[in-house]
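The sequence shown runs -11 to 103 under the numbering used here.
Accuracy of the hints is not assured; some may be wrong.
[Stated by the list, open to error] Listed next, the in silico DSBU-like pairs over lysine-lysine satisfying Cα-Cα at most 30 Å (straight line):
1. K3 <-> K20
2. K58 <-> K20
3. K79 <-> K25
4. K79 <-> K20
If you are wondering where the hints come from, they were derived from the structure by calculation, not from laboratory data.
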Amino acid sequence: VEMLKQFQADRVNLKLVRALDTVVFLEYGEHKRHGLKFPKQVKNNVLVVMEIGDGYIKEHNDKCEDESQKIRVYDRIVSVNGQVGMAATLKSRLERATGEFQLGIQRPCLEGASS
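Given these sequences and hints, build the entire structure.
What follows is the structure, encoded as structure tokens:
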């Protein structure tokens, strides 16, 4: 209700914040799955991480000391090994990735970072 009142006002304040683009380097664990879960219905053809389950991504995160190199919930995967594409294509490339590879990530900006 409060938000609706704000839009009925003569003036509305809107703050736009850019996502942070980064690359995360990973190594596929032999005979393991990545463990990422994505929405069943993809919106805007974007591959968004909704959950990180057991797999080599979780293992990467557990041993990673650099917070910026961890995969996080709500990260958007925008490339696999430097190749961009539609969400279904990226998901397929991720599932077929072997050895060392990289993920291009767009990460929502942290709260307060743009203040």
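Checklist entry - Do the alpha carbons of K58 and K20 lie within 30 Å of each other, as the hint requires? => result 18 Å, holds
Checklist entry - Does the alpha-carbon distance linking K79 and K25 stay inside the 30 Å limit? => result 10 Å, holds
Checklist entry - Regarding the pair K3 and K20, is the alpha-carbon distance no greater than 30 Å? => result 41 Å, violated
Item to check | Proposed proximity, K20 with K79 (alpha carbon, max 30 Å) | outcome: 16 Å, holds
Comparing the model with each earlier hint shows a violation of hint 1 alone; every other hint is respected.
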